[in-house]
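**Student:** So the protein sequences, as listed, match chains A and B.
Per the numbering used here, the first sequence starts with residue 1, numbered consecutively.
Per the numbering used here, the second sequence starts with residue 1, numbered consecutively.
Since the hints were made in silico from the structure, they are not lab data.
A couple of the hints might just be wrong.
Stated by the list, open to error - Cut-off 30 Å, straight-line C-alpha distance, at most; resulting in silico cross-link-like pairs (DSS-like, lysine-lysine):
#  : chain 1 : residue 1 : chain 2 : residue 2
1  : A       : Lys132    : A       : Lys157
2  : B       : Lys138    : A       : Lys115
3  : B       : Lys169    : B       : Lys219
4  : B       : Lys169    : A       : Lys75
5  : A       : Lys115    : A       : Lys75
6  : A       : Lys66     : A       : Lys16
7  : A       : Lys110    : B       : Lys138
8  : A       : Lys132    : B       : Lys169
9  : A       : Lys184    : A       : Lys214
10 : A       : Lys66     : A       : Lys132
11 : A       : Lys232    : A       : Lys66
12 : A       : Lys55     : A       : Lys16
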Amino acid sequence: MTALLEVEDLRVAYGKIEAVKGISFSVEAGQVVTLIGTNGAGKTTTLRTLSGLLKPSGGRITFDGKPLGSVPAHKIVALGLAHSPEGRHIFPRLTITENLQLGAFLRTDKAGIEKDVQRAYDLFPILGERRKQAAGTLSGGEQQMLAMGRALMSQPKLLMLDEPSMGLSPIMMQKIMETIVELKAAGTTILLVEQNAQAALSLADQGHVMEVGKIVLSGPGSDLLHDESVRKAYLGED
Amino acid sequence: MHELPQQLANGLALGALYGLIAIGYTMVYGIVQLINFAHGEIFMIGGFGALTTYIMLPSGTTLLVAIPLMIIGGAIASVAVATAAERFAYRPLRGAPRLAPLITAIGLSIVLQQLVWGFYPDAKKPRSFPEFQGESFKLLDNLYLQRADAFVLVLAPLCMLALGLFVAKSRSGRAMQATAQDPDTAKLMGINTDRIIVMAFAIGAAFAAVASVAYGLDKGQINFEMGFILGLKAFTAAVLGGIGNIYGAMVGGVVLGLAEALSIAYIEEIPGMEQLGGGAWANVWAFVLLIVVLLVRPQGLLGERVTDRA
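With the rest of the complex left out, here is chain A (with noise of 0.2 Å):
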């Protein structure tokens, strides 16, 4: 069986700086794949040119068998492929419910989009009572909450998530983890970047190490976990 997602030698430069410099990784159906890694390792790159916003200057990304390297950004979505960006990137002037919808843009089925809306505000309570208010008003973990809950909308075969414990308390910061531990055991496919390596690589199939631009580590997750090298860089044990 082919993999989902299958990225080959990709390589990504911000004018004459290569910032992803040859990676290779693939991520199969129902699978967690994890990108860890220190800032400016790539990571956010790396998802940003899956996504098409940013173009790639060489390698090959395969996206459930059609080559991704070209499509322009606003047809990626349609082929099944969402993203959470960093940062979260809510729109902030617009309401919750219209933030989730703006989630299945291309979607026609009124009756499924609603559907799904309040499976959003199922996943996450919080959404479903401030469903009128400006995503702009929420706190960073209510916005990174909304964040996953829109870009699932779009009911994607992969789902991307770029560093959603960014800058949450602890508390949110595990309930964010624990919802995507939720969304694994429902079988959807995720492609996860984080910083809290601990978190993501004890949640992950397989994980990746990040480092100025290149993989220098891959492994199942609960591998990397006892890595002692892993576990030196990035979770902070001597």
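Chain B: place on chain A using the hints.
**Tutor:** Chain B alone, transformed into the frame defined by chain A:
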């Protein structure tokens, strides 16, 4: 104070005209953060498109039939020029430093003026435009409404209402709001932001065409330079109301129009300011108002501070 109602009516009509043009500045700014200084010329080209349409109509066509066709003809011309400008002048500069498209806009404004001056028949001097025949409407003893003023006072709110509904309720309107608030994320939702940007230019141009017909009907003439000062005033209105906000454009226009009308009528009655009233000083007072408002509310009357980016 006997003539106050009349002055208010004049101010409102002028303000509605400013507001219609201001929509074009505010929509484009709201979505691509570009001050399209060529928008005054888009307005002017709408006028010449409408005039061309009128000339092509069989003689004896009544104004009632002619006006809708003139608006359509004017809008075709203005929308064509505005979207071409977006495609060939502004789009290649997206991502360039802000000054580049700004200078381009100013250059484009001069080019468009000169093209009309040089190539439109007899456009080197003002060309006469059809006018409303017949009496003004008498609303009160001291309030007469000219037909051209009535025209813009009816049409501007209708256009605004339609635009407001479009932005708030339609799928494209929602996409437009998303693009204005966060263009990259809008793309992630599947929104073709290039199309939305073209749409913003086109709507602004169509509104400018409506304004140009109203202006021509009022003055009885149009000329290749008319977009300059009206464009500047409409831009002022957009900033006054809070640039990026479509209702702000209309509110700013009306405030500016009223301020001009009242300054023309009443400033010279203030002891010591006899020299500073009348039509010659109206522009000065309009810009004084702008400066005062921006000192107190830099974001404009209905503008919002950008604090909500998390």
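**Student:** Now, for every hint given, state plainly whether the structure supports it.
**Tutor:** Right, here's what the structure says about each hint:
1. Lys132(A) to Lys157(A): holds, 29 Å
2. Lys138(B) to Lys115(A): Distance of about 57 Å is beyond 30 Å: violated.
3. Lys169(B) to Lys219(B): violated, 36 Å
4. Lys169(B) to Lys75(A): holds, 23 Å
5. Lys115(A) to Lys75(A): holds, 24 Å
6. Lys66(A) to Lys16(A): holds, 28 Å
7. Lys110(A) to Lys138(B): violated, 51 Å
8. Lys132(A) to Lys169(B): Cα-Cα ~15 Å, so holds.
9. Lys184(A) to Lys214(A): holds, 27 Å
10. Lys66(A) to Lys132(A): violated, 39 Å
11. Lys232(A) to Lys66(A): violated, 39 Å
12. Lys55(A) to Lys16(A): holds, 14 Å
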